[in-house]
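J.: Order-wise, the sequence lines are chains A and B.
With the numbering used here as the guide, the letters of the first sequence map in order to residues 1 to 269.
With the numbering used here as the guide, the letters of the second sequence map in order to residues 1001 to 1192.
Where hints are given, some of them may not hold.
Example chain A residues on the side facing chain B (calculated, C-beta under 8 Å, incomplete) [as the list claims (entries may be wrong)]:
| hint | residue |
| --- | --- |
| 1 | Y64 |
| 2 | P134 |
| 3 | I139 |
| 4 | K145 |
In silico DSSO-like links for lysine-lysine, alpha-carbon gap of 27 Å or less [what the hints assert, rightly or not]:
| hint | chain 1 | residue 1 | chain 2 | residue 2 |
| --- | --- | --- | --- | --- |
| 5 | B | K1179 | A | K130 |
| 6 | B | K1073 | A | K129 |
| 7 | B | K1179 | A | K105 |
| 8 | A | K145 | A | K130 |
| 9 | A | K241 | A | K105 |
| 10 | B | K1073 | A | K241 |
| 11 | A | K129 | B | K1054 |
| 12 | A | K130 | B | K1146 |
| 13 | A | K38 | A | K69 |
| 14 | A | K224 | A | K241 |
| 15 | A | K69 | B | K1179 |
Bear in mind the hints are in silico, worked out from the structure with no lab data behind them.
Cβ atoms here follow ideal geometry from the backbone N, Cα and C, with glycine treated the same way.
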Amino acid sequence: MKFRILFLFSALVLTSCLEFKNSVFDTNTSIQGQWNSKFSVPSYNLAGGDIARFGIFSDSHQNYSDLSKTLRHMDQMQVDFAVFTGDATDFGSRDEFEIFHAFLKDAPYPTYIVPGNHDLTTTGRALFKKIYGPENREINTSIGKMIFFSNNPLEVLPERLNYDFLSNAVTSANPAEPLFIFQHQDPQNQLGFTTADRMLYDSTLTSFAGSVYVFHGHLHSFNKTQIGANTEVFQVSRVEKERWTMVEVDSSEVRVFQCQRKNCLKVFP
Amino acid sequence: MSAKKLFEGFSMKFLLALLLLPLPAVADYQWGFATGSYLGQAQIIGTFVSENEKHESSFSFGYTYDSLIGEIKQYSVTYLWSAFEARQQEDKNYAWNPILLGGFITYTDNTLFYVDTEGPYPQDRYYDVTSIRWGLRVSSQIQNVKIADRFYHFSIDGSLLERALINYFNNPEEFDLFKYYFSLGFSAKTHF
């Protein structure tokens, strides 16, 4: 009897310390959802001299050491908020989302998560929706409109890309303010994007009367390109070697920096 | 023939071959039910135990109902090596084997997961295989519990996913990641 009690006691202790998970393939996460809906950008008075500063980081996959350090560097550089431009996971599994989220929730500034192509594979699409909310979102802020656009055409068949969302969001933006677009993939990517996709994307942005700043990840290195005369496209490096992008906005301009750890190099203007 | 078709065509034979590999001489056949430990919410298990009771292999069919993605069926093979001899408790009708060590491999045929990424992707292995996962397993068993003229075996199983090892190698500073890759489970088996 003593042994049975000991066995049962051990089982109870173990089960209280460690999680009981039914399947390696399921989506049964305890993370409370709709993280992105809680995201907010501080209210700035740019005309009064305020400077907005935010960070953009990308493609952490399972590189948790560098993710953790990058989040700390952004804090030390006093960013007000940060945007992740996709690929928190390798194959959209629950364990990957749970670990990524554990780092994210400890960040001392608001963060917004855009889905990457890896994040929408297997159970990823269902988990992303559960944890972070809708894949596409637009918010109006005191520094300009922000559009978070899920552009992963191969992973979200049959609907592919929601260009109606993008077009409506761009059209309704105020041309007197900067327009920020955060997405995972390079809009000029040959893989998965048709010529018609690219033309539609380009014409949507170039028809906008104001300045557009697009930030994307996916290709794991820094780069900068341009679409038409009004759209600057910044490729954000993956977090490996603690790389990230910093943006400053004041009443006169938008400045973009490529950063490694706490060393930042201005690349725009 | 793609790897996916190859795997689907021979999956059962492949799993059965794995199941039989460690058994030079089977002495005992058991069957039962289990839950958790990554192999399914409800599992049916068949187990072979070697003559010297050092090796046991199990095949299990696991079923999980997931509220977001629906049914998940899993076909799993588990191998355990007994680190100790099961010790019969004095004047008691059961034995305790404190630690068995081994591994498992599990496969799901849910269409969300894949061996090859055929279809819209530019190549077969565009993404890593996701329908097969494997890991390490530790188990503690109470054996030969006599209840109503039948002998039963009960176990607490712990499974550690393969990603824990890969992540520890890639992120040695983040040791506490292990907790995200560990799951407990229970099983109850009896003899055929």
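J.: For the pair we were handed, A/K241 and A/K105, check the Cα-Cα distance against 27 Å.
T.: Satisfied, since the Cα-Cα distance of roughly 22 Å is no more than 27 Å.
J.: Do the alpha carbons of A/K130 and B/K1146 lie within 27 Å of each other, as the hint requires?
T.: Distance ~46 Å between A/K130 and B/K1146 Cα, so the pair is violated.
J.: Against chain B, run the beta carbon of A/K145 and see if the smallest gap drops under 8 Å.
T.: This interface hint is violated because 31 Å lies over the 8 Å limit.
J.: Hint A/P134 vs chain B: min CB-CB distance below 8 Å?
T.: Because about 15 Å separates A/P134 from the closest Cβ in chain B, which is outside the 8 Å limit, the hint is violated.
J.: Regarding the pair A/K145 and A/K130, is the alpha-carbon distance no greater than 27 Å?
T.: The hint holds at about 25 Å.
J.: Hinted pair, alpha-carbon criterion (27 Å max): B/K1179, A/K105. Please report holds or violated.
T.: Within the cut-off at roughly 17 Å; holds.
J.: Given A/Y64 as an interface hint, is the shortest Cβ-Cβ distance to chain B below 8 Å?
T.: It holds, given that the least Cβ distance between A/Y64 and chain B is near 5 Å, below 8 Å.
J.: Would you check the hint for A/K129 and B/K1054, treating anything up to 27 Å between C-alpha atoms as holding?
T.: 46 Å, violated
J.: Holds or violated: B/K1073 with A/K129, Cα cutoff 27 Å?
T.: Holds. B/K1073 to A/K129 sits at ~23 Å (cutoff 27 Å).
J.: Would the pair A/K224 and A/K241 pass a check requiring their Cα atoms to be no farther apart than 27 Å?
T.: 19 Å, holds
J.: Just to be careful, I want the Cα atoms of B/K1179 and A/K130 compared with a cutoff of 27 Å; is the pair within it?
T.: With a Cα-Cα distance of about 22 Å, the restraint between B/K1179 and A/K130 holds, given a limit of 27 Å.
J.: What's the verdict on B/K1073 and A/K241, does the C-alpha distance respect the 27 Å limit or exceed it?
T.: 40 Å, violated
Hints 2, 3, 4, 10, 11, 12, counting from the list given before, are not met by this structure.
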